[in-house]
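In the order they appear, the protein sequences are chains X and G.
Residue numbers for the first sequence, in the working numbering: 229 to 753.
Residue numbers for the second sequence, in the working numbering: 42 to 355.
Don't read these hints as lab results, they were simulated from the structure.
Some hints here could point you the wrong way.
Lysine to aspartate or glutamate pairs mimicking EDC-like chemistry, simulated, CA-CA at most 16 Å apart [to be verified]:
id	chain 1	residue 1	chain 2	residue 2
1	G	K96	X	D401
2	X	K674	G	D89
3	G	K126	X	D420
4	X	K427	G	D135
5	X	K639	G	D75
6	X	K418	X	E458
7	X	K423	G	D135
8	G	K126	X	D408
9	X	K407	G	E121
10	X	K638	G	D75
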Amino acid sequence: MTPIRLALLALAALVAAHASPAAAQTTLRVVMHSDLKIVDPIWTTAYIVRNHGYMVYDTLFAMDAKGEIKPQMVDRADLSADKLTYTMTLRDGLLWHDGKPVTAEDCVASIKRWAAKDSMGQKMMTFVKDMQVVNPKTFRILLKEPTGLVLQALGKPSSNVPFMMPKRVADTDPNTQIKDFTGSGPFVFKADEWKPGDKAVYAKFAQYKPRSEPPSGLAGGKVAKVDRVEWRAIPDHQTSVNALINGEIDMIESPPHDLLPVLSKDANVKLAQLNLLGGQYTFRFNVLHKPFDNAKVRQAVWWAFNQEDFLKAVIGNPQYYKVCKSFFPCGSPLETTRGLEALLESNFEKSKALLKEAGYDGTPIVLMHSTDLVVLANLAPVAKDLLEKGGFKVNMQSMDWQTLVARRSKKDPPEAGGWHAFLTSWTAADILNPVMTAFFNAGCDKALFGWPCDKEIESLRDQYARETDPAKLKTIAEAVQVRATHYPTHLPLGQWTQPAALRKNVDGNMNAPVTVFWNVEKKGR
Amino acid sequence: MLYRYLARRLIATIPVMAVVATFVFLLLRLTTGDPAAIIAGDNATAADVAAIRGKLGLDRPIVQQFAIWLGNIARGDLGESFFFKRKVTALIADRIEPTLSLAVCTIVLAVLFAVPLGVIAAWRHGSWIDRAVMALSVLGFSVPVFVIGYSLIYVFAIYLGWLPVQGYQRLADGFGGFIERLILPSVALSVIYVALIARITRTSVLEVMNADYVRTARAKGLADVAVLVRHVLRNAAVPIVTVIGLGIALLIGGVVVTESVFSIPGLGRLTVDAVLARDYPTVQAVVLLFSMVYVLINLLVDLTYTFLDPRIRY
Chain X
229 MTPIRLALLA LAALVAAHAS PAAAQTTLRV VMHSDLKIVD PIWTTAYIVR
279 NHGYMVYDTL FAMDAKGEIK PQMVDRADLS ADKLTYTMTL RDGLLWHDGK
329 PVTAEDCVAS IKRWAAKDSM GQKMMTFVKD MQVVNPKTFR ILLKEPTGLV
379 LQALGKPSSN VPFMMPKRVA DTDPNTQIKD FTGSGPFVFK ADEWKPGDKA
429 VYAKFAQYKP RSEPPSGLAG GKVAKVDRVE WRAIPDHQTS VNALINGEID
479 MIESPPHDLL PVLSKDANVK LAQLNLLGGQ YTFRFNVLHK PFDNAKVRQA
529 VWWAFNQEDF LKAVIGNPQY YKVCKSFFPC GSPLETTRGL EALLESNFEK
579 SKALLKEAGY DGTPIVLMHS TDLVVLANLA PVAKDLLEKG GFKVNMQSMD
629 WQTLVARRSK KDPPEAGGWH AFLTSWTAAD ILNPVMTAFF NAGCDKALFG
679 WPCDKEIESL RDQYARETDP AKLKTIAEAV QVRATHYPTH LPLGQWTQPA
729 ALRKNVDGNM NAPVTVFWNV EKKGR
Chain G
42 MLYRYLARRL IATIPVMAVV ATFVFLLLRL TTGDPAAIIA GDNATAADVA
92 AIRGKLGLDR PIVQQFAIWL GNIARGDLGE SFFFKRKVTA LIADRIEPTL
142 SLAVCTIVLA VLFAVPLGVI AAWRHGSWID RAVMALSVLG FSVPVFVIGY
192 SLIYVFAIYL GWLPVQGYQR LADGFGGFIE RLILPSVALS VIYVALIARI
242 TRTSVLEVMN ADYVRTARAK GLADVAVLVR HVLRNAAVPI VTVIGLGIAL
292 LIGGVVVTES VFSIPGLGRL TVDAVLARDY PTVQAVVLLF SMVYVLINLL
342 VDLTYTFLDP RIRY
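All chains, full assembly: derive it from the sequences and hints.
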């Protein structure tokens, strides 16, 4: 070998010896609140699927940390002077995970599929005359009459979120699950690595083009700072806590409240309040059957209940709950105590007096009690106690949540397999206004289980949908709340939060009503 | 003769499986809960739920549903999961390795510890060793497997940091990681089987040890170990093998708690998830599979007798 060749070889070896090693991949291992079984966030409202949607898809608009709707995929949204035409122009450089550009046609098809399933979308579409594609980056929404609902609906943070999909996917019948998981979000779903009951895997989408502004809530620049996110299914809470302490996972989305003291003691773990608005407990009436067919009897429940007892029984630590006498979450733009000031203070005498006025004959209230969900299990016994103190007779029937879900859809009389009441929880992002709040739908047969039927509430909700002045929206929301004290559809039983638990080398989690993984960094492996 | 016996036993599984199939089908449909309502979600209307029920075929008469399902089973089609939207056979295939691995490790551990313990206890009948083995086996029966599991996790995973808390690694992804993750769950699960097998072994060996041929073997001058292994154990084996066989069959179906505590994605967890979600096709298929395994293991155990005891012939 010639000296020159030898020298070149030596040089190459020297360079190779000092070359930096290939960057190691960062993987964030997370235990979410549930296992991912379904992957179509339009087909189902399940929160885990919504969270999956935020990984893989993007939205035209999104809600920021102040609760304001901001453009996300949209570069510009112009409203005509007569308020009847929205012209939406997409940002440059938006790509699907298969490399094809996102087009206006994709967006129009996606809006249609979403609106076919979502109640707020359905409401929005009652105002829509037509949607037209103007050019590959621009589309128009033509309205029959002005409404403030369009941006609120297209930027709604929770299920069903109007995620954008390629037209070929969005053309799928909304009652059939999609089989193609192509999105344009900051992560790609690794369907080949998905093992339901074990793990779901997401890889950073290198061609994602984030907005330039900093991230805020669900809006702003979505920068994926980890290469991989793995959602691990660990059904046993104690095991997931042990795994976090041992460093085998990096984050638990919703550790149960009774295990928080264990986590907070560990030197390598921190607790973080990510969803500052949290959730709201709710008592739902079935108005079809005696005695709750009588509004006055339902009003008595307003007087019998108080929020503190429920929150103490389930959450326990006041750091994680708050009494909030408002249907619209405290800390949200429409928060108000109008009409509820004197209520929810357990004035049992007043409750009994109302029952007497209403002619309550002692019919036992069939109260469904779900036993297997930690965040709900203690609610019904508290409700039973307070109702009985308030003069009601109560027949509490215990069952697992899935049985409750099946039974609550029945309209049969309570003594024949039906029900009078049950308790549940809504995430705050789902109840921010009277149109979005499903339990306020008082459209009789068109309403959700419970089937309230009240023209005044429906008229107020229609007014809300039509109103374009944000200042007047609050007045209408207050009117809905006041009306609900006379015609109770459901009762708000307090607000609660559940912090996430993270290893201390994980940072950047967004304060948002949904757990998202852009901006999250993990130092070290 | 053996082949005829085998054929008879295999044919006899058909009515057994038919009874199991009928029972599980009816039981699921009699329990409360509606898979269509669960799938439809919280904001679904009655019309949405009805549409899903129709798509799943749940609005057909029960006899028709049963006939369709039986016909599919006969063709080897176990159906499609209501929730996962995947073939149930694929779901089971995905989950069978962890469960089998856990079951095999558990039974190997159990036999390796329990048989010698039981033999020693019988050989030293009445001594402190015998009493200790009996006391430990009572403890083994009494302490729930999840308590043992959590205790092992605390000591070996969190305090000592020797082993992982949870998870499963496939054999194809590396033997070291595969075994490392199976140690704690296998030990936790094996405790009750060690207790059971040790006790049966002790009783069975005690019975045989007083036999004339054992006395003769001793009188001939054979070492104690040779007497135990060549004469006593072989003759005591039938009840021991019976219990081991029952243990394997129960293990396959009984790993649920261990799989949950140690987060092993096996058939046990699949069954629990499917039951809670009212995923009828998955529950039906898994119960049928477990029943088939139980029947086949019983058959294998019966066939083993012919090797252990030449007097047993079919």
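Against the structure, the hints:
1. G:K96 with X:D401: holds, 13 Å
2. X:K674 with G:D89: Status holds; Cα separation ~12 Å.
3. G:K126 with X:D420: Distance of about 15 Å is within 16 Å: holds.
4. X:K427 with G:D135: holds, 12 Å
5. X:K639 with G:D75: holds, 15 Å
6. X:K418 with X:E458: holds, 10 Å
7. X:K423 with G:D135: holds, 8 Å
8. G:K126 with X:D408: Roughly 13 Å separates the two Cα atoms, so the pair holds.
9. X:K407 with G:E121: Distance of about 15 Å is within 16 Å: holds.
10. X:K638 with G:D75: holds, 11 Å
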